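Based on the provided sequences and hints, a complete structural model is requested.
Taken in order, the sequence shown gives residues 1 to 393; the numbers are from our numbering.
Some hints here could point you the wrong way.
Below, simulated SDA-like cross-link-like pairs (lysine to any residue); rule was C-alpha separation at most 20 Å, straight line [said to hold, decoys possible]: (1) 177 with 125; (2) 177 with 212; (3) 94 with 137; (4) 66 with 86; (5) 374 with 106; (6) 263 with 216; (7) 177 with 205; (8) 374 with 103; (9) 80 with 363; (10) 374 with 125; (11) 177 with 157; (12) 374 with 174; (13) 174 with 137; (14) 263 with 205; (15) 94 with 135.
These are calculated hints, taken from the structure and not from any lab test. Bear in mind that the values here come from a model prediction, so they are computed numbers and not experimental data.
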Amino acid sequence: MLELKPSSVDSKFSTTMQAYVFPRCFGAAWVLTSFFPSYSDLDTVFITSNMIANFCCEPAEWVQTKSIHISCPKENSSSKFLAPYTTFSRIHTKSITCLDISSGGGLGVSSSTDGTMKIWQASNGELRRVLEGHVFDVNCCRFFPSGLVVLSGGMDAQLKIWSAEDASCVVTFKGHKGGILDTAIVDRGRNVVSASRDGTARLWDCGRSACLGVLADCGSSINGVAVGAADNSINLGSPEQMPSEREVGTEAKMLLLAREDKKLQCLGLQSRQPVFLFIGSDAFNCCTFLSGFLLLAGTQDGNIYQLDVRSPRAPVQVIHRSGAPVLSLLSFRDGFIASQGDGSCFIVQQDLDYVTELTGADCDPVYKVATWEKQIYTCCRDGLVRRYQLSDL
Numbered sequence: 001m002l003e004l005k006p007s008s009v010d011s012k013f014s015t016t017m018q019a020y021v022f023p024r025c026f027g028a029a030w031v032l033t034s035f036f037p038s039y040s041d042l043d044t045v046f047i048t049s050n051m052i053a054n055f056c057c058e059p060a061e062w063v064q065t066k067s068i069h070i071s072c073p074k075e076n077s078s079s080k081f082l083a084p085y086t087t088f089s090r091i092h093t094k095s096i097t098c099l100d101i102s103s104g105g106g107l108g109v110s111s112s113t114d115g116t117m118k119i120w121q122a123s124n125g126e127l128r129r130v131l132e133g134h135v136f137d138v139n140c141c142r143f144f145p146s147g148l149v150v151l152s153g154g155m156d157a158q159l160k161i162w163s164a165e166d167a168s169c170v171v172t173f174k175g176h177k178g179g180i181l182d183t184a185i186v187d188r189g190r191n192v193v194s195a196s197r198d199g200t201a202r203l204w205d206c207g208r209s210a211c212l213g214v215l216a217d218c219g220s221s222i223n224g225v226a227v228g229a230a231d232n233s234i235n236l237g238s239p240e241q242m243p244s245e246r247e248v249g250t251e252a253k254m255l256l257l258a259r260e261d262k263k264l265q266c267l268g269l270q271s272r273q274p275v276f277l278f279i280g281s282d283a284f285n286c287c288t289f290l291s292g293f294l295l296l297a298g299t300q301d302g303n304i305y306q307l308d309v310r311s312p313r314a315p316v317q318v319i320h321r322s323g324a325p326v327l328s329l330l331s332f333r334d335g336f337i338a339s340q341g342d343g344s345c346f347i348v349q350q351d352l353d354y355v356t357e358l359t360g361a362d363c364d365p366v367y368k369v370a371t372w373e374k375q376i377y378t379c380c381r382d383g384l385v386r387r388y389q390l391s392d393l
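Structural data, given as structure tokens:
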């Protein structure tokens with residue numbers, strides 16, 4: 001639904017629309033617009049997430065489309081609002097907690113509070129496989145780089161590897177004493193990392209179904225984990241013992257841990273030596289690497305910290321758009337995608353002066369974001385998977 005208060009805009013006159021965006025309320029945005037050069041009447045546009053419109057001046061009318069561009073020249077900033085290209089409503093019946101897209105873009109995998117984990121066609125949401133084996137909720141799922149294998153972690157403290165082709169569980173890792181909240185895959189996938197509510201992060205050998213060691217024991221729940229290649233200028237330390245020959249691709253890698261006790265911890269993946277420990281404003285929920293020295297981490301009170309590993313004492317910047325929890329962060333092109341507990345999901349590019357808002361979730365938390373080329377997928381508490389097409393911009 002979209003409403004425009006009556007105005008006397010001449011349909012034969014080519015106008016320019018300028019706009020100022022106010023904070024969202026109940027999933028909508030109020031936009032004050034003014035038309036120049038000959039009209040100064042103030043109009044109010046109400047935009048909901050169900051319909052995004054563009055103003056057409058010849059003749060003047062509202063035309064349904066997928067995006068609208070709003071700019072504030074005085075502040076040198078602009079935003080675009082992008083509606084979903086399509087929505088998948090039949091994959092799960094309840095809240096979707098995690099999703100990922102295969103490297104080829106053909107398949108998606110998702111987990112839900114309805115107790116299921118499913119593989120589906122990324123183009124249309126058609127169900128392909130149901131992965132059954134976890135006892136309780138599945139918290140996280142992701143494809144291996146091959147796109148043929150899936151890694152999952154659940155509240156049953158088990159880490160599982162699945163075949164995407166026949167839905168069989170080929171490996172089960174046991175060792176954690178609490179639910180697994182996040183995972184990371186090292187290089188091609190010979191090794192994987194798990195983070196748990198028991199406060200530990202572990203490294204696993206997929207070939208032998210064995211734990212290669214406890215990477216960190218924090219004494220506090222680890223909500224998120226990320227693995228990234230380190231810049232040559234960063235000192236990762238040396239391992240106290242010779243690494244196992246079963247460790248593949250761990251050298252020159254950093255491990256980032258988002259902890260419940262307000263701490264963000266970084267260490268050398270192979271060395272296990274500390275790189276830095278940063279204390280934030282609240283519990284850290286998620287983290288990701290932007291480069292070999294830049295990283296992002298999101299907190300429960302809505303802060304997104306950008307840190308430089310080379311000088312981590314003070315953040316490069318702190319982004320705060322609302323007090324809602326930051327639930328996911330994903331490096332994307334020359335920026336990143338973030339989602340929050342108030343339903344907001346946005347793409348930030350070029351040092352924060354360009355933002356694209358992904359609409360549709362209203363006030364329901366957006367738990368996870370995945371991308372493939374120009375397509376962005378989100379999963380939400382409302383049980384829907386939304387696909388956005390960046391070419392619509």
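To see whether the hints hold, each was checked on the structure:
no. : hint         : verdict
1   : 177 with 125 : violated (35 Å)
2   : 177 with 212 : holds (16 Å)
3   : 94 with 137  : holds (12 Å)
4   : 66 with 86   : holds (11 Å)
5   : 374 with 106 : holds (13 Å)
6   : 263 with 216 : holds (13 Å)
7   : 177 with 205 : holds (19 Å)
8   : 374 with 103 : holds (13 Å)
9   : 80 with 363  : holds (19 Å)
10  : 374 with 125 : holds (17 Å)
11  : 177 with 157 : holds (6 Å)
12  : 374 with 174 : violated (37 Å)
13  : 174 with 137 : holds (16 Å)
14  : 263 with 205 : violated (27 Å)
15  : 94 with 135  : holds (17 Å)
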